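Chains as they are written, first to last, in this note's numbering: chain A, 32 to 244; chain B, 32 to 244; chain C, 32 to 244.
Source of the hints: derived by calculation from the structure; they are not laboratory data.
No copy labels: a pair is met if it fits in one copy or bridges any two.
As a list, the in silico DSSO-like pairs of lysine-lysine whose alpha-carbon atoms are at most 30 Å apart:
{"no.": "1", "residue 1": "K239", "residue 2": "K115"}
{"no.": "2", "residue 1": "K187", "residue 2": "K115"}
{"no.": "3", "residue 1": "K239", "residue 2": "K58"}
{"no.": "4", "residue 1": "K57", "residue 2": "K115"}
Given the structure is predicted, the values throughout are model-derived calculations rather than measurements.
Here's the letter readout for the chains.
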Amino acid sequence: MDVVFFVLEIVGTVAFALSGALTAMKKQMDLLGTIVLAMTTAVGGGIIRDLLIGRTPPVSLVNPLHPLIAVGVAVIAFLPFVQKWLSRTNNTYDLIFNLADAIGLGVFTVVGVNAGFTALGEPNLFLAILLGVFTGVGGGVLRDVMAQNAPTIFVKHFYATASIIGALACALVHMYWSELAASIIGTVVVIVLRVLAMVFKWNLPKPKYFVER
Amino acid sequence: MDVVFFVLEIVGTVAFALSGALTAMKKQMDLLGTIVLAMTTAVGGGIIRDLLIGRTPPVSLVNPLHPLIAVGVAVIAFLPFVQKWLSRTNNTYDLIFNLADAIGLGVFTVVGVNAGFTALGEPNLFLAILLGVFTGVGGGVLRDVMAQNAPTIFVKHFYATASIIGALACALVHMYWSELAASIIGTVVVIVLRVLAMVFKWNLPKPKYFVER
Amino acid sequence: MDVVFFVLEIVGTVAFALSGALTAMKKQMDLLGTIVLAMTTAVGGGIIRDLLIGRTPPVSLVNPLHPLIAVGVAVIAFLPFVQKWLSRTNNTYDLIFNLADAIGLGVFTVVGVNAGFTALGEPNLFLAILLGVFTGVGGGVLRDVMAQNAPTIFVKHFYATASIIGALACALVHMYWSELAASIIGTVVVIVLRVLAMVFKWNLPKPKYFVER
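Could you put together the complete structure from these sequences and hints?
So this is what it looks like as structure tokens:
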């Protein structure tokens with residue numbers, strides 16, 4: 032079971048690091064900027080989670096595994112032939128970015144939910160869900176703010192919603208069945224919802240009367 | 032007395048949530064973006080306060096009351112007829128936004144001062160005032176950075192100043208008279224200063240020699 | 032020895048406060064905006080460090096020394112004749128800004144490394160270095176995000192790199208020789224690297240295949 036969590040976090044770290052590296056390269060940052068943004072995106076959510084539950088210093092500052100993975104991802108993404116492949120067409124770029132972002136969102140939502148359950152003595156459904164959402168969207172918000180982009184969370188359809196529904200699914204399965212099943216189901220729910228939202232271009236209503244400003 | 036604090040925090044939460052929802056709708060965010068920004072603005076200051084005094088997990092993540100109020104405010108503000116009313120004219124929008132923002136600033140400044148007094152064993156005037164200002168302006172800064180606006184704190188005249196003066200008033204009354212009176216006086220001072228600054232367009236000097244850049 | 036640390040932190044505070052004040056005046060913020068940005072830049076890195084190692088409330092909120100120094104620096108920089116001198120030419124401005132920023136980066140990198148060594152029972156090289164970098168770049172990132180500038184860390188050549196190399200030097204000297212020597216050597220390494228990078232316009236490779244987007 033610990034192996035599953037271990038693998039899951041590595042997958043999420045790789046995915047978020049890739050989304051950070053792609054954002055940096057599109058903004059014409061140099062090699063080091065690309066590394067820094069990949070690292071910020073990959074470990075940002077976890078650091079926010081650790082600060083919120085009072086686990087200091089945060090795990091990513093004590094154990095170099097995840098930060099080093101993020102550095103590795105950034106360096107590989109920067110290799111000329113990888114870069115060339117990633118930037119072939121706008122569609123390739125968007126597809127890879129959105130998929131990486133969805134995987135990171137899914138994994139870190141679940142990581143946050145699990146941390147929320149163990150943070151207090153008794154289980155608190157509300158804390159678990161909100162901590163899941165904060166951990167899930169945290170890395171991406173830091174990435175977007177530092178790259179001066181509009182935060183994905185406000186721009187992409189069904190982004191926070193996917194995280195909320197996944198966190199709820201994860202928390203309920205966690206409470207009534209098993210933590211292992213909860214983690215896998217929660218991650219899959221978020222990723223599937225994000226992919227469906229992209230494919231079918233799900234829309235939420237926009238403010239009608241504020242249009243003309 | 033507890034009732035006064037309880038009501039005060041709810042008023043501040045509603046006010047800051049409204050300012051976040053208005054900002055989101057003006058930026059043409061969809062329903063969920065509006066909810067997220069309302070929640071960020073309303074609970075952001077309190078989370079910053081809790082992190083700074085080491086109260087983890089933060090109250091808003093454990094007790095759903097304030098986040099849910101923020102969600103409610105965002106949904107109501109998004110209702111077509113409310114939206115229509117809020118966006119009638121630029122003046123209506125500005126008036127409501129500035130008033131909501133002033134109320135939130137006042138309440139959360141006071142909330143931060145009170146937390147500052149109880150954070151350490153002995154009372155520390157400096158901590159109380161600075162924690163008041165950080166808590167007061169925190170939610171608005173998060174709102175503005177996430178919405179890619181220039182932070183109100185740098186744009187509006189007499190914004191941080193109002194919070195500082197209110198925090199000082201609150202802290203002094205707290206030390207020499209009563210916590211209850213301090214909370215009410217502090218809140219009122221901030222709101223009155225902000226309203227006066229808006230009505231009379233108080234200006235602080237601008238840098239003269241940097242103009243031409 | 033304590034005197035050296037004390038003086039070092041004051042030098043860093045003055046330098047970062049100046050970089051914040053210059054940024055604010057260039058953005059045409061008023062006197063109070065200049066004070067707020069100077070303070071944010073000067074104490075931001077230290078607050079991030081304290082939150083990451085769980086030292087709450089952060090030192091700068093309990094002890095007014097550093098925040099008050101930042102206020103003093105901002106007020107002096109705002110004086111008409113100082114302002115006039117600072118803004119004489121673009122070159123003067125850039126030179127002073129970059130130097131102040133380099134000194135702040137150097138000092139706060141070292142401050143973070145030292146905090147990292149004492150945060151856990153046993154020394155952890157990785158924690159020391161990463162905490163050094165976060166503390167060093169933290170104030171500047173907050174300054175740039177709040178002023179809506181592209182974070183210096185992504186724009187300036189050899190910025191985070193200088194902090195990483197300085198943190199590594201500081202940590203190694205700290206482990207194998209003395210904390211005092213480590214602090215001075217670390218600070219000097221960062222400043223010298225930044226100055227060399229500026230003078231010789233060191234470049235890191237940029238993404239080649241993302242150019243046309």
